[in-house]
Amino acid sequence: MKEMTNGLNKRQFLRLAGLSIADSILPRALGGETEPGQAKTHKVILVTFGGGVRYSETFADTGLHNIPRLAALRKDAYFFRNCVNSGVLSHFNSTASIVTGNWQRVDDFGFQPPGSATLFEYFRQQTGAGPLDAWVVATNKSFSTMGWGADGDLGAPYGANVVLPKQLLLGAVQDVVAQRKGEGIASRQNVYRQLESLLSEGYEGVGWTIFKQGRDLDSHVKKTLLRGLTDYINGPDAPSSGDELTLFLTTEIMREFSPRLMLVNFWDMDVAHWGSYSLYLGAITRTDRLCGMLWDEVQKHPQYKDVTTMLILPELGRDGDFDAANGFLNHRSGDPSCRNVWMMALGAGVHPGETERPVAHVDVCATALEILRAKAGAMAGRPLHELMI
Amino acid sequence: MAAESFKVSPTLQKLIDKGLFDRLPPTFSNYFFEQFRSWFTLFPAEQSYFERLFGLLDARPPAEVDAFFAPLRAIEQKMGVNERLWPKREFTLDQVDFLNRNPYYPQWRHEVVKIFNVLDPILDAEVERNGHARLAIEIAPADLDTSAERMWLRIEKYGTRVPLDIGDNPDEFLPLLLTGSPKSAGKATLLDQWADSHPRYDAWAVESGTPVMGLMKKGSGAVGYSYDRLQAYRERLMDEVRKLVSSEQIRGPRELSARLKQLKILANESDFASDPVLSEFVRAILLSGNGTLLLNNTFVEWASVEAIRRARPSMMAVGFGIRSKVKPFSSLLIYSDQDKVNPAPSQADVLGSYVDLEIFHQYVWQEFGKHPEYRNSTAMLFVGDGVDQMLVVAPPDFPVRPGPKPWKLADVHSAMREWMNL
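Residue numbers (our numbering), protein chains in the order written: chain Z, 1 to 389; chain D, 1 to 422.
Treat the hints as calculated values from the structure; they're not laboratory data. Note that the structure is predicted; figures quoted are calculated from it, not measured. Virtual Cβ for every residue (Gly too), placed ideally from N, Cα, C. Be aware that a few hints might be false.
[To be verified] Mimicking SDA-like on lysine to any residue, the simulated pairs with C-alpha atoms at most 25 angstroms apart in a straight line are:
hint: 1; chain 1: D; residue 1: Lys157; chain 2: Z; residue 2: Leu73
hint: 2; chain 1: D; residue 1: Lys157; chain 2: Z; residue 2: Ser56
hint: 3; chain 1: D; residue 1: Lys114; chain 2: Z; residue 2: Asn340
hint: 4; chain 1: D; residue 1: Lys325; chain 2: Z; residue 2: Ser278
hint: 5; chain 1: Z; residue 1: Lys141; chain 2: D; residue 2: Val96
hint: 6; chain 1: D; residue 1: Lys370; chain 2: Z; residue 2: Gly320
hint: 7; chain 1: D; residue 1: Lys7; chain 2: D; residue 2: Arg37
hint: 8; chain 1: D; residue 1: Lys340; chain 2: Z; residue 2: Ile233
hint: 9; chain 1: Z; residue 1: Lys305; chain 2: Z; residue 2: Leu73
hint: 10; chain 1: D; residue 1: Lys114; chain 2: Z; residue 2: Val84
hint: 11; chain 1: D; residue 1: Lys157; chain 2: Z; residue 2: Pro157
hint: 12; chain 1: D; residue 1: Lys325; chain 2: Z; residue 2: Leu170
[Stated by the list, open to error] Chain D regions said to be covered by chain Z (calculated; three or more residues, Cβ under 8 angstroms):
hint: 13; stretch: 31-44
hint: 14; stretch: 98-110
[Unchecked claim] Label-pair ranges, simulated between beta-carbon atoms:
hint: 15; chain 1: D; residue 1: Asn117; chain 2: Z; residue 2: Glu356; range: 27 to 35 angstroms
hint: 16; chain 1: D; residue 1: Asp337; chain 2: Z; residue 2: Thr41; range: 32 to 40 angstroms
hint: 17; chain 1: D; residue 1: Lys114; chain 2: Z; residue 2: Met388; range: 35 to 43 angstroms
hint: 18; chain 1: D; residue 1: Arg161; chain 2: Z; residue 2: Gly353; range: 44 to 52 angstroms
hint: 19; chain 1: D; residue 1: Asp228; chain 2: Z; residue 2: Gly353; range: 50 to 58 angstroms
hint: 20; chain 1: Z; residue 1: Asp306; chain 2: D; residue 2: Pro103; range: 52 to 60 angstroms
When you get a sec, could you build the whole thing from the sequences and use the hints?
Here is the structure:
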């Protein structure tokens, strides 16, 4: 260092030292270092355990065996032990609070958009990101309005594409059942043909929104989504999970369009409402596996590796066994089991560690925007300094 | 009061006429008014609770009652509760929505809990003073295929495992336990006997199939719900829900629920259709949105928990079954009969059923513990059909406990009869 300082004035030295420190703290891509002629490409993927999951079946000692991938990834992650959903404990309002940074109190079933602007809108407006740079891949049909909020200054022109793979699958299965042909839905090919047909007819019918930029691009999107469907239907396992389809389409979208901001909302665990604990546990383990596969995809995709921050959190918990009317089946009691969950941050800008400091679902939006170098509007949430980069 | 189009008991009507409900915070009193609209579909235990609750408030000086409810009123003001949004004596789904979405909902809920934390112990003490022995038998299915040591793990610390001598014929397990004799003897079950000498709705069987109800006398006074026997009603409800969801603009589950309130069970779908209390009970259970239409054990668990909470029976048998595996794709069609929409044969999910039942044992057990009728007076026997061990959770004076040799089923039956003074 002494040798390096020779010939440098104090100001030059401090600048160099500062950069050195920044380089040791930050990953290369987030430290602002880029290849010549290449723009910085920070990316954020938000993954929600939609439907809600309790601590007791995940990161409590009793639940770790249900989430082997996330449990193994924890050593590389920053783990927020107390992530609190202080809002309305419905699916739409919970996820809308995550993407807007404000506790949402709109219609529980998606008949109203989020009441304030989403991170998709702030991101696209302020960075000039294009319409294929922000995506929501979700399950519940009510999430079709999750792409942008009711803020009049922003809205649809800056919103995210929203695809609901399970709704497409559901439409196809309903059609095959109604046709009463041959093996019906026992045949994968019957279901696939109907999926293809539905997609060709227009995905708006199943609640999707994809911003079109001319016929060619539209065709490109369709081809990409169909590849995901093909992989799903012809996969080695019997395709039964809507979340697996969500993952297949997510990875296709990543490979084809490399969006910088995505919300991936897994949902299978909401089967808990059916009242089968074993199906609920099975869905948690599947979501854990799919989260791991998504992380693997980030690692092997050059557009994502080292520049992507992945934030994984349950959108809410579920009622505790002792406090509520029917335990894990529901999520309306407001007890700690329902509100207090966790959040895991992986990837770019993340230094392994954990904190007991209470954080909130509304902090996710501000944090993601900070990572993406976009300025947040007025919101209740605050950037998480543990991840600031 | 002439505007009210429903009838309640004379005791409660007197309190309504005195204006008691108009003096209470609307988010509190309006909810109860909604309950009163279906007074004649409430169980006697519920009617009694409402009479005692409001009798207690009526007995206190008005100023004291006002002070007691002042914190709730303060929250209501912050929430924006007013005459326009909360007209007197009305409680609508919009008001439920208002509460759920209000920023002050957690504080409101906290105040309501505080109110009941004061009132319920007073009411409970009265019930406990008049308590008597009660009995619950929870039966795991014969096909569960697991060792006794792996059963009831979540609750075993609250009870004692008792070895059983189950004899040579596994088919006689339940007849011996419930009637004290082999099936061929045709003896009445404990439930029949209790129902013969006690008020309606005081003995219940809730089960997946019919192992218990198959032993009960025809025309038994005991309440009996079997998931299998409700198949015709379940299928009709699924059809109706599917039609409503697919053909009409339904704004979410709450509106759907309101629309489905009219779908009563028909006479050809059960033998209790003429009983408004029981027919409304099963309608509510099946349309609660909790998988009760779709999964046998969810029905058994939720119907049992609700029966305990609402009817407070003195004797209850709860019989679980084996759930079928969920078939690919068909699981997406939640309001469809899986066997009809997917021709692939159904398979039993034995392991899944075991996992499901372990937590349901806990939920049923803890529901009993929530209510004063059952505290320190209820013998709960957790048995597996054909399993040579049971878990007994009971007061110390219940006579069945581990002894020098396994208990014969007929002896357990006798002990239960003795416990219930039959």
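Task: Restraint status (C-alpha distance of lysine 305 of chain Z to leucine 73 of chain Z at most 25 angstroms) - done: OK: lysine 305 of chain Z and leucine 73 of chain Z at ~16 angstroms, within 25 angstroms.
- [ ] Could you grab the alpha-carbon distance between lysine 340 of chain D and isoleucine 233 of chain Z and see if it respects the 25 angstroms cut-off?
- [x] Given pair lysine 340 of chain D, isoleucine 233 of chain Z holds - Cα atoms ~22 angstroms apart, limit 25 angstroms.
Task: Pair hint outcome, lysine 325 of chain D versus serine 278 of chain Z [Cα-Cα no greater than 25 angstroms] - done: holds (11 angstroms)
- [ ] Note whether the CB distance of asparagine 117 of chain D and glutamate 356 of chain Z lies within 27 to 35 angstroms or breaks it.
- [x] holds (30 angstroms)
TODO: With 35 to 43 angstroms as the target window, see if lysine 114 of chain D and methionine 388 of chain Z comply at their CB atoms.
DONE: holds (41 angstroms)
- [ ] Could you see if the CB distance from aspartate 337 of chain D to threonine 41 of chain Z stays within 32 to 40 angstroms?
- [x] violated (50 angstroms)
TODO: Take the C-alpha atoms of lysine 114 of chain D and valine 84 of chain Z, compute the straight-line distance between them, and say whether it is at most 25 angstroms.
DONE: holds (23 angstroms)
TODO: Starting from lysine 325 of chain D, check that the Cα of leucine 170 of chain Z is at most 25 angstroms away, please.
DONE: The hint holds at about 19 angstroms.
Open item on the list: Assuming the hint says 50 to 58 angstroms, is it satisfied by the Cβ distance from aspartate 228 of chain D to glycine 353 of chain Z or not?
Closed with: Given range 50 to 58 angstroms: holds, Cβ gap about 54 angstroms.
TODO: Assess, step by step, whether the Cα of lysine 114 of chain D is no farther than 25 angstroms from the Cα of asparagine 340 of chain Z, and give holds or violated.
DONE: holds (22 angstroms)
TODO: Please work out if lysine 157 of chain D and proline 157 of chain Z have their alpha carbons no farther apart than 25 angstroms.
DONE: violated (60 angstroms)
Task: Supplied distance hint 44 to 52 angstroms, evaluated on CB atoms of arginine 161 of chain D and glycine 353 of chain Z - done: 45 angstroms Cβ-Cβ, so the 44 to 52 angstroms window holds.
Violation of the numbered hints given earlier is confined to hints 1, 11, 13, 16 and 20; the remaining hints are satisfied by the structure.
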